[in-house]
Amino acid sequence: MNHTQPLILGIESSCDETGVGLVRGTTLLTNTVSSSMEEHIRFGGVIPEIASRAHLDAFVPTLQQALVDAGVSLDDVDAFAVTSGPGLAGALMVGVSAAKALALATGKPLYAINHLVAHVGVALLDESIAAVNDDGGLPENLGALLVSGGHTEILRVRSIASGVELLGATIDDAAGEAFDKVARLLGLHYPGGPAIDRLAKEGNAKAIRFPRGLTMPKYMGTPEAPGPHRYDFSFSGLKTAVARCVEGYEARGEDIPVADIAASFQEAVLDVITAKAVLACKEQGITTLLLGGGVAANSRLRVLAQQRCAAAGIMLLVPKMSLCTDNGAMVAALGAQLVMNGVVPSELSFAPDSSMPVTSISL
Amino acid sequence: MRILTIDTSAIASAAVLDFDPLDLVRTTELVANFATDDTRSHAEVLAPGVKSLFTDPVVEGPALDAIVVGTGPGPFTGLRSGIAMARTLSFTWAVPLYGMMSLDALAQQVFDTPARRDGRAVGPLAMNDFVVATDARRKEVYWAKYNAGAHLIDGPHVGPAEEIFGVQVFGAGAGLYQDVLESNGCSVHPTFAHAQPTAFELARAAARRIAGAGSLEAAGFLQSTPLYLRESDAKVPGPRKRAL
Ligand SMILES: [Zn+2]
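These protein sequences, in sequence, are chains A and B. In terms of numbering that gives the first Met the number 0, the first sequence opens at residue 0 and continues consecutively. In terms of numbering that gives the first Met the number 0, the second sequence opens at residue 0 and continues consecutively.
A couple of the hints might just be wrong.
[As the list claims (entries may be wrong)] Taking lysine to aspartate or glutamate and the EDC-like style, the derived pairs with C-alpha atoms no more than 16 Å apart in a straight line are:
hint: 1; chain 1: B; residue 1: 234; chain 2: A; residue 2: 38
hint: 2; chain 1: B; residue 1: 50; chain 2: A; residue 2: 346
hint: 3; chain 1: A; residue 1: 107; chain 2: B; residue 2: 55
hint: 4; chain 1: A; residue 1: 205; chain 2: A; residue 2: 270
hint: 5; chain 1: A; residue 1: 107; chain 2: A; residue 2: 75
hint: 6; chain 1: A; residue 1: 281; chain 2: A; residue 2: 139
hint: 7; chain 1: B; residue 1: 138; chain 2: B; residue 2: 161
hint: 8; chain 1: A; residue 1: 200; chain 2: A; residue 2: 139
hint: 9; chain 1: B; residue 1: 234; chain 2: A; residue 2: 48
hint: 10; chain 1: A; residue 1: 107; chain 2: A; residue 2: 346
hint: 11; chain 1: A; residue 1: 319; chain 2: A; residue 2: 75
hint: 12; chain 1: B; residue 1: 138; chain 2: B; residue 2: 162
[Claimed, not checked] Derived coverage of chain A by chain B (criterion: at least 3 residues anywhere in the stretch with Cβ under 8 Å from a Cβ of chain B; other residues may be distant):
hint: 13; region: 34–45
hint: 14; region: 59–71
hint: 15; region: 348–355
[As the list claims (entries may be wrong)] Computed Cβ-Cβ distance ranges for the label pairs, DEER-style:
hint: 16; chain 1: A; residue 1: 68; chain 2: B; residue 2: 136; range: 39 to 45 Å
hint: 17; chain 1: B; residue 1: 126; chain 2: A; residue 2: 67; range: 52 to 58 Å
hint: 18; chain 1: B; residue 1: 24; chain 2: A; residue 2: 67; range: 54 to 60 Å
hint: 19; chain 1: B; residue 1: 192; chain 2: A; residue 2: 354; range: 33 to 39 Å
hint: 20; chain 1: A; residue 1: 37; chain 2: B; residue 2: 122; range: 53 to 59 Å
These are computed hints drawn from the structure, not numbers from a lab. Just so it is clear, CB atoms sit at the ideal spot from N, CA and C, and this is done for glycine as well.
So that you can see chain A by itself, here it is in the shape it has in the complex (with noise of 0.2 Å):
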């Protein structure tokens, strides 16, 4: 096998998206995704399900589709990687089946590799963000901020291969969920994200002061003496206090003011999101902090996260959209890592893991 310029397919079926990519070594050769994100409309959310079935029927497509557009056949391939975790669990066994299907077929090895880490690796793949150092790895200091409706962590990165930290995550919605849920409620489409977006724009964000989830003394405690849940997020509360908002002005028998409340709820996610992400690359020596996840296309957070970086004089890098989202060459891009720095594939008899931790870069 090739252990400088490895040629690495990478399947993603964690949530929504059918990836498949192809990067050879650093170099993006082809993101090819099928999305069922449509038939998800007229529920409102992702429903594990109809994504699963959708998985099936979109892989071989997808593979085919990529091997194409990369202008590679399987032979050339030199490693196999595929997303174990975390995420849905029988979405999971889709990709899962399908890597070893074809790591079993070929005699290639296959990575079984973590979904959240991928999102950091990908950074590696885009140019215009010049995130590889003059030796080929990423930036000293890194973190990373992923947020999506699956997902919402902070990260520590001290090596792509092996040694990546959870310092914060959600304790109950994903930021991306917390969106689709009060798009709902503000009686907008799914997905949550663009909608709300798009209305904010119009809307004061100051106009209702929404709750800051886990924000007070008690769960943030001090630098010294953190409190247990200093960098982690909570969006229920907020969720809750949209609701109990847009009904009291139905109660009262007034207008929905849609744009105002999209604004501030927008303000509310995306201001703990940024203070929090800043506070810990503060604390913690994080000098470049990298934006993952879809909720990455929102135009305020990009925004904010820009302004407080700058202010803390910390790097930030944003991947372009398609890179950002759930993709497979974000999975082979960390599955080329970890051939480039020798880490042994995994077993055929690895099984998905759907809270599979990120001290766990592959399996």
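Let chain A serve as the given structure and place chain B with the ligand on it in line with the hints.
Frame of chain A; chain B with the ligand shown alone:
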């Protein structure tokens, strides 16, 4: 002719069967076989199990004449693991893929098992139409009705065992609801009370079908589309209740 079969509708199993369709009885040889005892370890055991059927899958896989996958009905996540595996092997090895209802495997096994009296075979186990049933969870069974020649005549269905009347019922679904079935005038055969569809029996059923039709193409196999029989549980949310 050499085929690989995979079935994950209940247990996880896979088999390689070699046969000459013109002389099934004398030529059929089970090359290799793998099956689990439980119905919950597909994720871990299926790929190593399939690999274990070959000395070198990279060489032997592309030489197969066909892959036949059990398309259920069965619990969704496990069922998909086998179909995802079969579809990807078919693509990678460029071997044609066919689907077969998993319950056909049990029907084949019933058809092949003689009734015994005092240790001697005394004719077929099922003289008339019979039903095979597997566990569909949620207090229901997946079931289908076959004639004495093991040809499908009704189904597949999913529903409570109460819906099955007056026939012999075979399979783990029968064992689970023996009392209900017996009060409906059904009989449950003890040696089949825990039987699950297996890739080995599926392979034998496939071989019989190919031999009967004269070729793989004419055998009337299904596509590899899963037989879910149930919708996803998703409900379109109703309008939000307004205050007041
Ligand atoms: Zn993600």
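- Task: Go ahead and decide if the range 33 to 39 Å is satisfied by the Cβ distance of residue 192 of chain B to residue 354 of chain A.
- Result: For residue 354 of chain A against residue 192 of chain B, whose Cβ atoms are near 37 Å apart, the range 33 to 39 Å holds.
- Taking a Cβ-Cβ distance under 8 Å as contact, does the region 59–71 of chain A have three or more residues in contact with chain B? With 3 residues closer than 8 Å to chain B, the region 59–71 of chain A meets the three-residue bar; holds.
- Just tell me: holds or violated, for the beta carbon distance of residue 24 of chain B and residue 67 of chain A against 54 to 60 Å? violated (46 Å)
- Message: What's the verdict on residue 234 of chain B and residue 38 of chain A, does the C-alpha distance respect the 16 Å limit or exceed it?
- Response: Holds. Residue 234 of chain B to residue 38 of chain A sits at ~12 Å (cutoff 16 Å).
- Can the restraint linking residue 107 of chain A and residue 75 of chain A be considered satisfied, given a maximum Cα separation of 16 Å? The given pair, whose Cα atoms are some 11 Å apart, holds under the 16 Å limit.
- Regarding the pair residue 205 of chain A and residue 270 of chain A, is the alpha-carbon distance no greater than 16 Å? Roughly 12 Å between the alpha carbons, so the hint for residue 205 of chain A and residue 270 of chain A holds.
- Do residue 126 of chain B and residue 67 of chain A keep their Cβ atoms within the hinted range of 52 to 58 Å? holds (55 Å)
- Message: I want to verify a distance hint. Is the separation of the beta carbons of residue 37 of chain A and residue 122 of chain B within 53 to 59 Å?
- Response: Given a distance of about 56 Å, which is inside 53 to 59 Å, the answer is holds.
- Given hint residue 48 of chain A paired with residue 234 of chain B - CA-CA distance at most 16 Å: holds (12 Å)
- When you check the alpha-carbon spacing of residue 138 of chain B and residue 161 of chain B, does it fall within 16 Å? holds (10 Å)
- Task: Starting from residue 319 of chain A, check that the Cα of residue 75 of chain A is at most 16 Å away, please.
- Result: violated (27 Å)
- Given the proposed pairing of residue 107 of chain A with residue 55 of chain B, does the C-alpha separation stay at or below 16 Å? Distance of about 12 Å is within 16 Å: holds.
In summary, the numbered hints that this structure violates are 8, 11, 18.
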